[in-house]
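Sequences listed follow chains S and V, in order.
In terms of the UniProt record's numbering, the first sequence opens at residue 1 and continues consecutively.
In terms of the UniProt record's numbering, the second sequence opens at residue 1 and continues consecutively.
Heads up, a few of these hints could be off.
In silico BS3-like pairs for lysine-lysine, Cα to Cα no more than 30 Å straight-line [claimed, not checked]: (1) S:Lys-148 with V:Lys-435; (2) S:Lys-497 with V:Lys-575; (3) S:Lys-435 with S:Lys-292; (4) S:Lys-38 with V:Lys-472; (5) S:Lys-126 with V:Lys-80; (6) S:Lys-316 with S:Lys-486; (7) S:Lys-592 with V:Lys-630; (8) S:Lys-127 with S:Lys-148; (9) V:Lys-99 with S:Lys-298; (10) V:Lys-125 with S:Lys-342; (11) S:Lys-341 with V:Lys-66; (12) S:Lys-506 with V:Lys-617; (13) V:Lys-566 with S:Lys-141; (14) S:Lys-316 with S:Lys-626; (15) S:Lys-656 with S:Lys-504; (16) V:Lys-99 with S:Lys-638; (17) V:Lys-580 with S:Lys-506; (18) V:Lys-566 with S:Lys-656; (19) V:Lys-472 with S:Lys-626; (20) S:Lys-509 with V:Lys-617; (21) V:Lys-474 with V:Lys-575; (22) V:Lys-99 with S:Lys-656; (23) S:Lys-486 with V:Lys-31; (24) V:Lys-31 with S:Lys-324.
To be clear, the hints were calculated from the coordinates, so they are not data collected in a lab.
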Amino acid sequence: MKKILLSLFLGLGLNYAHAQDFDFGLFSEAESSFDIRKFDAQANAAVLNEYGTAKIDLDASGNTRLYFTHHLRIKILNQEGFDEGNITIPLRQSSDYDSNEEISEIVAATFNPDLGVYVRNNLDPKKIYEERANNNYKLVKFTFPNLKPGSVIEYSYKISSPRLFNFHTWEFQSNLPKRTSSFVARIPAIYNYNVTLRGPYKLSKQDAKLDRECLSISGVKLDCSRMTYTMDSVPAFREEEFMTAATNFKSAIYFELSDYQTIRGVKMNLTKTWRDIDYELKGNKDVGGQMKRADVFKEAVMPLLANASDPLQKAKIIYAFISKNIRWNNYRGFVSDVGVKKAFETHTGNTADINYALISALTAAGLDAEAVILSTRSNGTVNKLFPVLTGFDYVVAKLNIADKTYLLDATDPLLPFGLLPIHCINDQGRVISLKKPSEWIDLKATQRETVRYVLDGDINDQGKLMATLSIYSNGYAAHKRRKQIKSYNSLDEYVEKYDERMTKMKVLKYDITNLDTLDLTLSEVYHVEMDIFQGLDHSQLYLNPFILDRFEKNPFNLDNRTYPVDLGAQRDTRILCNIRFPGTYTLVDKPKDLSIALPEKGGRFLTQTAFENGALTFSQMLTHDKSIYDPQEYASLKEFYSRIIQLQKTDIVLKKTP
Amino acid sequence: MKIRILTLLLSVTALHAAAQYAVDQIPAALKTRANAVIRDMETTVDMRAPNDVGTRVRKVLTVLNKNGREHARLVLMYSKNSSIKYVRGQILNEFGIPKAKFNLSDFEDESAVDGGTLFSDSRLKHFLPNEDVYPYTVIYEYEERERQNLVLPQWLPNPGFDISVEKSQFTFLARAEDTFRINALNFAGKPVEELNDKQKKLTWSAAGLPAVRAEAYGPHPESFRPSVRIAADKFYYHGFTGKYSNWEELGGWLYENFLKSRRKLSPYTEGLVADMVKDLPDEKAKARKLYQYMQQKMRYISVQIGVGGFQPIPAAEVDQMAYGDCKGLVNYMQALLDVAGIESYYCVVSAGNYKKSLIPNFPGVEQGNHVILCLPLKGDTTWLECTSQKAPFGFLGDFTDDRTVLACTPGGGKLLRTPKLTAAQNTQLRTANFKVAENGTMTGSVETAFAGSQYDAHLTIANMQDKERLEKLKEQYDVDNIELNDIRFSTKEGTGPVFVENFNCTLPLYATGSTDNIYLPVNPFNRQNSIPDLRTRTMPLYLNRGYTDVDSIVYHIPAAWQMKVKPADQTIETKFGTYKVTIVQSGSQLIFKRTMQMNEGNFLASDYESFSQFISKIAELDRSRAIFTKGQSGSGK
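Only chain V is shown next, with the shape it has when bound in the complex (with noise of 0.2 Å):
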């Protein structure tokens, strides 16, 4: 009885002590939605030097439940050029009292390798406290140390998705005579500024930021999370040294310093280049000869150590390995322009399936994460994807489209504009003729063609061997029992380049039923999957590429079939898209058509419910049926 006093006094007096990361603190509003809090967040930029930029951390964080777990994880890069000085850290339990110690020695040391790179030389050191009892808080504490100033950390003060924050600083530290330029997004708070004579301080804070919640359809969290980015006019990587302020700086720096002495190729190598474009008429032409040798010669490997990682592999090296990732691929493909006197501009894009432009008035080289292809030709601007072996000349697909890209020119960077894929070119157009027979067994011939962002759809199936081939065609074409048979492919020049897949198939008992009646699925492949319908929804919809898909089939009816019931001809127009579908009765044909067309753009929130009724609409009229009655007269209506 008396330990039990003594304990319980013990720990109250604990609790006071820690009290002031108890779970009980936190306001309610920072608990809606989510399932861990940045309690308080300390980071410390110091520029010491451009060869020295120290970062203290200091972060407590509160996982409130098991989903909120893996926001407890610590993640630190390393590698020759950056050091981890030292990490220490505490787990505190719901009172805010301490219940284990950690430090550098209880991390998980892995490389960062992704699966793309053969190799790159940065590693990182990962720690994810093992605690199951929920909530609970960790306290870290840690030093980073980087030899290099050209890429500076940022204020990312809410990072994720179902986190909020307590309140989180960030401070900014350089010395007088330093100059540098600030981006705050979706930020308006002001730093605190402090100078003197031998130092300028810039501190933001921010606090009390609800958790946001991840919604289908949504914009891309760069659109709406907080940011401050920080960029030095004077800079220092990996033994170079540099200097600029806008993006005509920074790219006339990339080409004198990176680009512009690792073009040359052996004298054979432009003779053979020389000699294969000599008859040809104009450059595109050139261009086309020369970019389809670099496509079958050339495979995509990635290996990134040191300044690599900016900086491309000599177009000999390239020539001689015919291998490179997308830096060194680009600038080969410059040095075979070179010899047939094209000019061309190696272009940085930040690449990805969503739309994201190099931030304009605010340049910085880790704004790209790769590199493509820009030839002026006199007005007729071609931009050239060096990484794909088969992608068409002249055609950037929809991972690098509609975005600003920043030019690497002897005359300096350049912003440009890579060309938009429009809904009326993002097409899958097919047609199908289908024969029924009396026992519902269809069997006919499809033929598709895909344009724009659709461009690639079915390509790695195209480059398959046979029977793989056949096996993803039918997920692709999921219908029971589906045969599929004389498969081929081709490619062919609409407004743009299209490909093209035909097949002949049978559909084993497609359209059955019951004793009286025969139900034919009118839309046997092209069926769009109904999307949740949110109740409360708080993000903006974002539809980020538009697109048109057509349908087309005719049905050859038995004879002896009357139709019952034909579904009804429907044309929805929203301001998302247009849907229509038409089930006309020819004779022994029946011809449906289905045009979905969508749109792209920004709506609100509030326009959520409608999209989401619209596609629900659009996965119902998808599977409606036509009712056939067999043989005696007079039964329908």
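Isolated chain S (complex conformation) (with noise of 0.2 Å):
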């Protein structure tokens, strides 16, 4: 009853001019005459109101907890819209039940209109279903009753939770478009969060007022700041191809604990500077702690370095060697999970450990290495306005040798030394040093996806062609290649599956060289017979060049596009034939060559044909010469690729003299 008071007072006191919570089941005039097709054409339903609170306050017990309260109402369009009657609301669990988030509070109802009015029918709650789904999730879960196209939803719950540290964040956006989305956070004065709001689109409106002595703890009566956030007719979120994180783009709103006081009136920095930040990492037994471990690594490495003299020869040695013998266990994160020790004995462990592992073996030779803590591609990138450590989700080391530097990750033993993987070319990392301070570092793709394809033969009496096909990689396109062997059991298996695949082409014999020798150039021979003309009695033989590599289908194909297209590296293939000809023969036509680049140096495409001696050569590059297209690129992308396609369906034409 007292509680009831209490926030009743707070509730006439100060804040009936805010943003305030609509009612349940009250429809305004604005939601009724909101055009939702007008406003998004593609939507099958959309948000008609949303409401959300947050808020630190005291449980029962005395404990600081984090309450949330969400309210949504959303419309339903149409039956395609009817997915969205199922709700699932994740809560986080842990072994330890004081950290477990709470539900309460669940109330929804379906409102159908009919002759006029809306028809309530509420769900049962013994229709909500709590599902443990693994160890750190619970999901209640309950569908609307009695959905019609034209039906609109509404529920709210409150999530209790012992998780202050990134408050809450709110998305304004989500897969559904929103007539309007209101957010309150309301803070007690001895928290203080660094805000940020993500995204394209601007607030429209933005409040702080002061709640007058909110909260009381031990006796100590304590102000809070009353943050309401606004943003009205807010698109849906739809994801596009090439393009990373969602949460990049999705407008939000985000929080990160900064400092505290304590009720002895001490304050506690938790992310202040990057100074704060790096004595902390230093001091983790399970990040720093982990980096100086070179007591762990110094008697197996080195003998193996008793032959080497140069530094670089030494790390090459000791980056082979941890990543043939720490298998990654598919866990990221920068924290050390079981320790280098612990990872090393057994062979397995997460990023943090092998990377770690790295650092330390690398500094028991001598050398001069860090880490690099960094947000993979999947996790959006890092919040550089605040120096905080969330959203870093990965670390790699970083060897100086000299005025050089090489960024090394050892958890895929495929990578060769001083390839970042594609998941970790993400803006930029942080610099973590045991004896300097912290530093920003660019995280660009220090090598490019790089195919040579050479096709060299001669056309038989029978119109088959009997030819040496080389293909070489490099960089990123080595990687993949290495990876798509090694899935194999064998080489015989996997020429076999390619040779399966090629449905004109039989090989013979081949020769895969460099498969494990990461640093130089991989390389695949295959002594193959191909089926190109159907006998050589024709007084004209069609031939189209465009053997390998050819696109039937436009990679852009889209009408516009919202995002960038991020290919994460740069692109490089090249492709040379030489085909010599039975008999004598002159060349009757052939695609034009041709040489097409994409503006601003993003790309080329080059082709050329000629007929000389009885011999047949052509040749073919491509490159994308940037990994990110702004979305104002798109259109060039796609003609850039419409030009090729067309050039593609040209044939070279010969006739033969007698």
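Put the complex together from the two separate chains, hints included.
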């Protein structure tokens, strides 16, 4: 009873002027006149109103908790929108009971228009299901009864959480368009959060007020700041191909605790400056502590270096040793899981275990190695406005030899020295050194995705091409192909599958080299027989020279694009064919020699065809000299590929001269 | 030095002690094509009572390489009615020497809810050894207990592809008074029987089963994999008891216990329904009306709790919630038909694209995974799929066509067969008309009619909103830079329901070329992709369902263009199907017609080569181009 009174007082005291929760089941004029189809022609459902609050408060036993309430009203336009009526609310769980999230006060109802009034169907509380999905999450699930096209569904609930650090992220943007979305954060004055708004859209309303004596801890009355954020007319978020994490683009407001005061007035800094973070990380036994375990590796590593004098050579040996000896357990993170010692003994660990092991081992050999913490592509880019650690989910090693630096990731034994996996190529990372202050570093692909095809052969009397097809790959292309080849049990099996896929081609003999020598070009040489012509007794021969790497479809066939196209790394594909013909032929027609380019040096496409002395030479080059293209460049990408496709339809025409 | 000798000695002794699972003991024939080998597996199913069935397993499995990794995963299901008594195990290295041990606490625990289900009370625990040095061996020992015997564990000695079996044994124990039935498929071995006055004991065993490779267009694994199933005549299930020895009794039991009492609607709904159909002329018209009513009112939501896995939610509840799973929706539809006085049968089916019938002489409720509805309608048998809001009345697609199903009727269970969709019915008929401009840009209209198993090929696209629909259609008609407009969808009745798609389109610079020649690919939309040409085919060739595609396209060619090379007319007839392409020039028109009719059927493994050649030839012909020259006469030959 007391509690209710208190909150009532607060409500009356100061806040009536702010955005308030809308009444359950009471529809406003603005909602009914909102033309969803006009706002978003694609929508099957839309949010008419959304309101959420988050506040820090005390629970019955006096512990500080975060209370989050959420109230949502959705209009279902058609049967395809019925899926929006299936609700799943995830709750974090852990073995420690006190850190579980709890849900309460679930209210849900379907409203169906019938002769000018809305008929209400309540959700039966017995039909709310709790599913223990795994050890980390419990899912609360329910579905709305009696859905029809035109139904309005509405629900609200409250979550109590012990996790204060990130307060509550509020996503203004979701897969549904929204008429309006408001979020109220009430934060006691002893807590300080860094607040960031991400995404392309602006807030429609923003407001901060003081709630006097909102909270009483051990008899001390505290004031709270009450912040309201509203965004109106929020478009739906729809994912596109070749794009990095959705969280990079979605409109949402993020909170991160920077400091708080204890009741005694002592200020506790959580994330204030990079200096604080550096100090914290270096002291952390699972971060800095694991970077200085040279002792663990000295004995194993030193004998390997007996014949290596040059530091780079030493580093390469150690890199190969760690990547072959500790297998990645598929968990990402920059905090060590089991520690480098145990990871080394059991041959398995997370990203941090492996790369701190690499740093420690490099240090053991007297080399200068640091850590770079970063956020992987699927995790979004890190927030660089405030010095905060959330958002980082990966760590790699940075090796300094004289004035050169190398970024190394030992989690993938097929990555050559100095190449980061594509998922790490994401804006910037933070260098964490045991000796120096931390700093930002660019995470750019150091190599391109490069493939070179060489087809050299003779057409025999039956019209078959007997040739050598050589495929040379470097950089990310080599990494991809090595992964593919290694996914088979043997080279024979890989080649057999390759042979089966290429239906016009029969592999007679093959030779694959440098499969395990990651620093060198991966070379695949196939001796092949290809069906090119059905016999040679025609007056004219038609040959499409685009046998390899041919585009039948335009990879950029959309009408327009909202987000950047991010390929990860630059690309470079070259083809050279040299085909000799029996007898005498003359060239009648051929594809135009073409040289086209993307604007702003974004890429090039070149082809040349010639027929001399009974031999056909054909060359093609396609490059992407940028890894990220802006949405405005989409049209030129589309046009670029369109030109390529048009060209690739044309043949070389040869005429037999007796 | 001393230490080394000591460890050497130790390992030698250990080697001897555990050498029975050393990898070099595996016969070479079992390593061919295998990623893993079941070394020794013993399963004992002990039916102590209908409500107490224990299963004890000891499984020794060697993983030969990284691709066999997943074969080592152990997944154990549990729920309120079944439990895992214990699990223990160990990992052995290549030489059979123990490396590590584990138990149930090392398993991950998860709910067993799949994508299509809102909630289910079944859960699972799973474990995968964290090894990356191959080969290695894992030994599992565990016991599970079920408080039901309606569904008993079956024996599948060879559970998958790329795995071979050195030895596998299955023992079934029952009380002396128990009677049960046995069904062995693809397995000739007879069980060893031991009977005394207390117990019956049957033991099957298999040894030396080679690994089987998965191949494209192969038959369903059930058609060649050995299996033994057992069913008890008297069963207990979630508080229910019963007895059956044939489909008639099982269907009758299901009807009496799970269905009969669950079809009552509220008087209000009954009145509504009666009113809805009172003026309609016949039963079929009434059924159609009620089916459409059900489709627009209901949506599919699956909630599976306890006995709800086999028993539908009462019709009155479904009526109130306006949702249900297949059982609930079929039962609800029956309730509606009851009001109109129309007889209908609740039918259990094994659904899926692959046609799988219930085993005729071996009844078992677990053979089905879906429920559909059959209306006898005095000889005009009509089938209804009740989980789709869009399916036409009386139409079963490729999910439940052409297979034996169990109808649960008041007079007992009956095996019925769903209609077959023939190659002649499964059609995609496309007509298009294009005007080709001098610069090679084509504009025109396309109409495509889908029927039979192809009826719903573009149904989901039709139900999308404009922008998304356009994107999906571009994926289907994936021509560079294609512009689509004026998209329309409609349905009509042919011999069965037909779904029609219409649009206008522009294909910019489609016919392009060099200085001398212009190339026009004659088949822009329906291009067959080639399939792997296997050097060694081991599986028979299986074509699941026949179909017919016809594409007729008329091109209006600019007057100045002269055809230099016309792709040849071709007809290829094989036992797998017929492909025919003709290109006729008539004035300024170029008329392209492609007919591809594929048969269904079983063929020999040795037929695969000619099948893949047939498909590859089609793939090649589908990419044929007509070649034109511009202007000057006399350049062509």
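Hints versus structure:
no. : hint                     : result
1   : S:Lys-148 with V:Lys-435 : violated (45 Å)
2   : S:Lys-497 with V:Lys-575 : holds (27 Å)
3   : S:Lys-435 with S:Lys-292 : holds (11 Å)
4   : S:Lys-38 with V:Lys-472  : holds (22 Å)
5   : S:Lys-126 with V:Lys-80  : holds (18 Å)
6   : S:Lys-316 with S:Lys-486 : holds (21 Å)
7   : S:Lys-592 with V:Lys-630 : holds (16 Å)
8   : S:Lys-127 with S:Lys-148 : holds (19 Å)
9   : V:Lys-99 with S:Lys-298  : holds (26 Å)
10  : V:Lys-125 with S:Lys-342 : holds (26 Å)
11  : S:Lys-341 with V:Lys-66  : holds (25 Å)
12  : S:Lys-506 with V:Lys-617 : holds (16 Å)
13  : V:Lys-566 with S:Lys-141 : violated (62 Å)
14  : S:Lys-316 with S:Lys-626 : holds (29 Å)
15  : S:Lys-656 with S:Lys-504 : holds (24 Å)
16  : V:Lys-99 with S:Lys-638  : violated (57 Å)
17  : V:Lys-580 with S:Lys-506 : holds (27 Å)
18  : V:Lys-566 with S:Lys-656 : holds (20 Å)
19  : V:Lys-472 with S:Lys-626 : holds (28 Å)
20  : S:Lys-509 with V:Lys-617 : holds (25 Å)
21  : V:Lys-474 with V:Lys-575 : violated (34 Å)
22  : V:Lys-99 with S:Lys-656  : violated (71 Å)
23  : S:Lys-486 with V:Lys-31  : holds (19 Å)
24  : V:Lys-31 with S:Lys-324  : holds (26 Å)
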